[in-house]
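Chemist: Sequence:
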Amino acid sequence: MHLIELKHVTYTYPLANEPALKDINCTLEKGKFYGVIGENAGGKTTFCNLLRGLIPHFYHGELEGDVLVEGEDIRTMDVDMLSTKMGYIFQNPFTQISGVRKTVFEEIALGLENLGVPKENMIKRVIEIAKLLKIEHLLNNDPNRLSGGQRQRVAFASITAMDMDIFVIDEPTSQLDPDGTEEIFEIIHMLKEQGKTIILVEHKVDLLAEYADEIIVMGEGKILSQGPVREVLSDRSMMEKGAMIPQAALLAYVLEEEGITLPYIPVTREECIKLLKERRGA
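With my numbering as the guide, the letters of the sequence shown map in order to residues 3 to 284.
These aren't lab readings, by the way, just hints derived from the structure by calculation. There could be a bad hint or two in this list.
What the hints assert, rightly or not - 27 Å max Cα-Cα, derived DSSO-like pairs, lysine-lysine:
{"hint": "1", "residue 1": "Lys194", "residue 2": "Lys136"}
{"hint": "2", "residue 1": "Lys9", "residue 2": "Lys34"}
{"hint": "3", "residue 1": "Lys206", "residue 2": "Lys32"}
{"hint": "4", "residue 1": "Lys34", "residue 2": "Lys243"}
{"hint": "5", "residue 1": "Lys136", "residue 2": "Lys206"}
{"hint": "6", "residue 1": "Lys104", "residue 2": "Lys126"}
{"hint": "7", "residue 1": "Lys24", "residue 2": "Lys276"}
{"hint": "8", "residue 1": "Lys87", "residue 2": "Lys32"}
{"hint": "9", "residue 1": "Lys104", "residue 2": "Lys133"}
{"hint": "10", "residue 1": "Lys136", "residue 2": "Lys87"}
{"hint": "11", "residue 1": "Lys32", "residue 2": "Lys9"}
{"hint": "12", "residue 1": "Lys206", "residue 2": "Lys279"}
{"hint": "13", "residue 1": "Lys206", "residue 2": "Lys276"}
{"hint": "14", "residue 1": "Lys279", "residue 2": "Lys34"}
{"hint": "15", "residue 1": "Lys104", "residue 2": "Lys121"}
{"hint": "16", "residue 1": "Lys126", "residue 2": "Lys198"}
Assemble the whole structure, with the sequences as input and the hints as a guide.
Modeler: Now the structure itself:
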């Protein structure tokens, strides 16, 4: 049984003239890391809202087709139960912060409190997650007075602390510098190594090439392509569909135009360097 399955799903927001999602067919397997890319306003955030159950339980509108989570129709699922299985990290960290807690420690602990986690276990878990995300120095700070990047880390910590099976993450690095971005990807990779299922919307395709298992390309409310990272991110035609491909693949195509061919199109920096060294040695 697939973890999540979408069958001919079309969704239209209330008062909208055009569907935001159009005839979506997609299956997601347990324990895989899916990178979702594509043009702006192409349906990526709506796709996340659907997986998380915000559609149809919060955004009503018109939903056609079947959305199954572990075989159960999302329309009939208990939203509270779904929230214990699936964490959602929003694109805007200012949306994620509750606004009712006075310290970062309390903010991270909020979800654990709602789950009824015993106090001692809760304290231990919050401290572990804060160290992991390198925000232990912020634990006594007011979450409403943090920078955008700090808020993003706190939002990530709040969801990660709840130890869910599925994480739907919408551009978590939008407020972070390159070092912070790398750290977040390392944490996401760690979650994947723990058997978690990750659905990540992200524009940074070079990092997706390094960490993800599969890529889903979206545009105009449709899934334009889905498959293994190498298969999708080495496809030059993706750029015509509003999606970027990694710098390594772009370089390989430029070299090809100059008559310098590589055995295959690399998608990571390490692959590219390796192939160039081998060709130079030959």
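Chemist: For every hint, state whether the structure bears it out.
Modeler: Hint check results:
Restraint check for Lys194 and Lys136: satisfied, since their Cα atoms lie roughly 19 Å apart, inside the 27 Å limit. Straight-line distance between C-alpha atoms of Lys9 and Lys34 comes to about 20 Å, which keeps the hinted pair within the 27 Å bound. A C-alpha spacing of about 23 Å is found between Lys206 and Lys32, which places the hinted pair at or below 27 Å, so the restraint holds. At most 27 Å may separate the alpha-carbon atoms for a hinted pair to count; Lys34 and Lys243 meet this at roughly 24 Å.
Our distance criterion of 27 Å between C-alpha atoms is met by Lys136 and Lys206, whose separation comes to about 22 Å. Of the supplied pair hints, the one linking Lys104 and Lys126 holds, its CA atoms being roughly 19 Å apart against a limit of 27 Å. As the CA atoms of Lys24 and Lys276 are separated by approximately 41 Å, the hinted pair breaks the 27 Å bound. With a CA separation close to 12 Å, the supplied pair Lys87 and Lys32 stays within the 27 Å bound.
Under the criterion of a C-alpha separation no larger than 27 Å, the hint pairing Lys104 with Lys133 is consistent with the structure, at around 20 Å. The straight-line distance between the Cα atoms of Lys136 and Lys87 is roughly 25 Å, inside the 27 Å bound, and the hint therefore holds. For the proposed pair Lys32 and Lys9, the alpha carbon gap of about 18 Å is at most 27 Å, so the pair holds. Between Lys206 and Lys279, the direct Cα distance comes to roughly 26 Å. Compliance with the 27 Å bound is thereby established for this hinted pair.
Our distance criterion of 27 Å between C-alpha atoms is met by Lys206 and Lys276, whose separation comes to about 22 Å. Proximity of Lys279 to Lys34 is assessed by CA-CA distance (about 32 Å); at most 27 Å being required, the pair is judged violated. Distance restraint check for Lys104 and Lys121: the Cα-Cα separation of roughly 18 Å lies within the 27 Å cut-off, and the hinted pair is therefore satisfied. Proximity of Lys126 to Lys198 is assessed by CA-CA distance (about 21 Å); at most 27 Å being required, the pair is judged to hold.
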